[in-house]
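One letter stands for each residue in the lines below.
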Amino acid sequence: MKTIREINEKIKRGEVVVLTADEIIELKKSTNVKKLAKEVDVVTTGTFGPMCSSGVFLNFGHSKEKIKMGGGRVYLNNVPAYSGLAAVDVYLGATALPDDDPRNTKYPGEFKYGGGHVIEDLVSGKEIELVAYAYGTDCYPKKYLKTKITINDINEAILFNPRNCYQNYNVAVNLSNKTIYTYMGVLKPNLGNANYCSAGQLSPLLKDPYLKTIGFGTRIFLGGGIGYVCWWGTQYNPGVKRRENGVPTIPGATLALIGDLKQMKVEFLKGASLTGYGTSLIVGVGIPIPILNEEILNWVSIPDEEIYAPVVDYSYDYPNSTGNILDYVNYSQLKSGKIKLMGKEIPTGSLSSYKKAKEIAEILKKWIESGEFLLTEPIFYFPGPESGYKFKPMKEV
Amino acid sequence: MEKKFVMHFPPVLVDKPIISTIVRKYNLEFNILKAFVSPEEEGTLVIAFSGEEKNVFDAVEELKSKGVKIQLIESDIRMIKERCTDCSVCIALCPTGALYLNRNTYEVKFEPEKCIACELCIKGCPTNAMISTI
Ligand code: SF4
Ligand code: SF4
Numbered sequence: 005m006k007t008i009r010e011i012n013e014k015i016k017r018g019e020v021v022v023l024t025a026d027e028i029i030e031l032k033k034s035t036n037v038k039k040l041a042k043e044v045d046v047v048t049t050g051t052f053g054p055m056c057s058s059g060v061f062l063n064f065g066h067s068k069e070k071i072k073m074g075g076g077r078v079y080l081n082n083v084p085a086y087s088g089l090a091a092v093d094v095y096l097g098a099t100a101l102p103d104d105d106p107r108n109t110k111y112p113g114e115f116k117y118g119g120g121h122v123i124e125d126l127v128s129g130k131e132i133e134l135v136a137y138a139y140g141t142d143c144y145p146k147k148y149l150k151t152k153i154t155i156n157d158i159n160e161a162i163l164f165n166p167r168n169c170y171q172n173y174n175v176a177v178n179l180s181n182k183t184i185y186t187y188m189g190v191l192k193p194n195l196g197n198a199n200y201c202s203a204g205q206l207s208p209l210l211k212d213p214y215l216k217t218i219g220f221g222t223r224i225f226l227g228g229g230i231g232y233v234c235w236w237g238t239q240y241n242p243g244v245k246r247r248e249n250g251v252p253t254i255p256g257a258t259l260a261l262i263g264d265l266k267q268m269k270v271e272f273l274k275g276a277s278l279t280g281y282g283t284s285l286i287v288g289v290g291i292p293i294p295i296l297n298e299e300i301l302n303w304v305s306i307p308d309e310e311i312y313a314p315v316v317d318y319s320y321d322y323p324n325s326t327g328n329i330l331d332y333v334n335y336s337q338l339k340s341g342k343i344k345l346m347g348k349e350i351p352t353g354s355l356s357s358y359k360k361a362k363e364i365a366e367i368l369k370k371w372i373e374s375g376e377f378l379l380t381e382p383i384f385y386f387p388g389p390e391s392g393y394k395f396k397p398m399k400e401v
Numbered sequence: 025m026e027k028k029f030v031m032h033f034p035p036v037l038v039d040k041p042i043i044s045t046i047v048r049k050y051n052l053e054f055n056i057l058k059a060f061v062s063p064e065e066e067g068t069l070v071i072a073f074s075g076e077e078k079n080v081f082d083a084v085e086e087l088k089s090k091g092v093k094i095q096l097i098e099s100d101i102r103m104i105k106e107r108c109t110d111c112s113v114c115i116a117l118c119p120t121g122a123l124y125l126n127r128n129t130y131e132v133k134f135e136p137e138k139c140i141a142c143e144l145c146i147k148g149c150p151t152n153a154m155i156s157t158i
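Those protein sequence lines, which keep their order, are chains A and B.
The working numbering puts the first residue of the first sequence at 5, with every later residue one more than the last.
The working numbering puts the first residue of the second sequence at 25, with every later residue one more than the last.
Zero decoy hints are in this set.
As a list, the in silico SDA-like pairs of lysine to any residue whose alpha-carbon atoms are at most 25 Å apart: (1) K342/A to I56/B; (2) K138/B to V38/B; (3) K147/B to Y111/A; (4) K182/A to T120/B; (5) K348/A to A59/B; (6) K138/B to S340/A.
Pairwise CB distance ranges (calculated): (7) F164/A to T157/B: 33 to 41 Å; (8) E366/A to F81/B: 51 to 59 Å; (9) E106/B to K394/A: 37 to 45 Å; (10) E133/A to P63/B: 52 to 60 Å.
Anything over 12 Å on all C-beta distances counts as not near chain A; from chain B, calculated: (11) I46; (12) S74; (13) R102.
No lab work stands behind these hints, which were simulated from the structure alone.
Quick reminder that beta carbons are idealized off the backbone N, C-alpha and C, glycines included.
Next comes chain A alone, as it looks inside the complex (with noise of 0.2 Å):
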């Protein structure tokens, strides 16, 4: 019906009509669908949240007298960088720690400061202290560094993702009869309460369920700044069940993303601390969604009522991947503030910031609409339903 170069077209002449997710669904409970699939041409999404597999690539430029960190040691406020690559290239993860952190020997261990804070300090301009070990050659002699660098003194400072905004995620509860400190937050015991971690409605991946406009190549909103999705994510999941509306019951897609972490801002992009579990990175991620068809119109307009999340016991079933569900609730649910779940009450918790994902989805509804953000046309599409690609197991011997 439409295609993204027409939509491109709008974009660059000022008619374009953007609407976020949220917006969309409010305006399809009073206006029929074809009506709105030939006038809306772009659904913005949103979504805030600790993911772990974030990272970033930083080069350093050479000392006077030339180092090569790789084979060496690479640390970053006492933070140890990866540094398995070239002379002044390195690699530092979200949930990298210091040496000397004192980690769950403490239980539950505090994790202050890791790899997700060096990243928050980085966006944020802060002087961050470069420590070096090397073996030395002869052409890097150089055995030892210690500097001071800002994200602004350095060449290359790029965000990658591995893995990102998972296509629905476990609502975790605990059913032990101890508090249990976990990724998924701290879980109070006999079900005191339930935490999830998803924008609901407002999610990238919920509203492009068999990911038809969403694949390599494809520009989106990343950290306050722009990226590009660069590959699926790992432990990508098409194959897994789906309601009749396409939404997967379990955590099915994710997303690798990269953009350049010096157009990002600390507001979308903050160090996390997960109390008895470890640092993360809080990411906020924005894919606008171009309305080709009026199939893609019904899936944008997808309400929190319809999408279902597993409830997954985080005490015994997850550590031990029996597989185990205990129920499903919807987003509608838990945004309400409680679940019924085996005849109880229970409060429930986020850790991914409606309010944020709100925010991006407005923000980069803002960017296309003032002409500055267009639309790409993917360079190829990811591995859908049909296509049998599974994430499996790891094979133990």
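Based on these hints, arrange chain B with the ligands on the given structure of chain A.
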């Protein structure tokens, strides 16, 4: 002045109207922040007394002499709004509703008056936005 206390009542005292007698005697206002009775019938009360400083402490002394175990809640819990992302994961942990979500604006709010300094939110907040100062 206002002070908050955690009070444990042994089973023999649970049914007695001691609090109402005491607040009348010392001319205090009170606010019950949380109350529950354990399966062993021990009662726990998180309560704020306000009134003249001397009266507040005399009332506490008298309660202690009657066998009530009392701890003063001293630490001061604060929210650093700039670090808060309004995720809301803390609200399901907070036992008193001192942290709550405005479901129209999706903003998370903190009402210090209701806080009993249990510090669960400090453990639960991913961005270290909840802090305790003593
Ligand atoms: S310390 Fe935190 S969780 Fe505990 S009562 Fe106060 S605000 Fe609520
Ligand atoms: S857990 Fe922390 S960041 Fe989340 S709403 Fe509560 S105070 Fe704010």
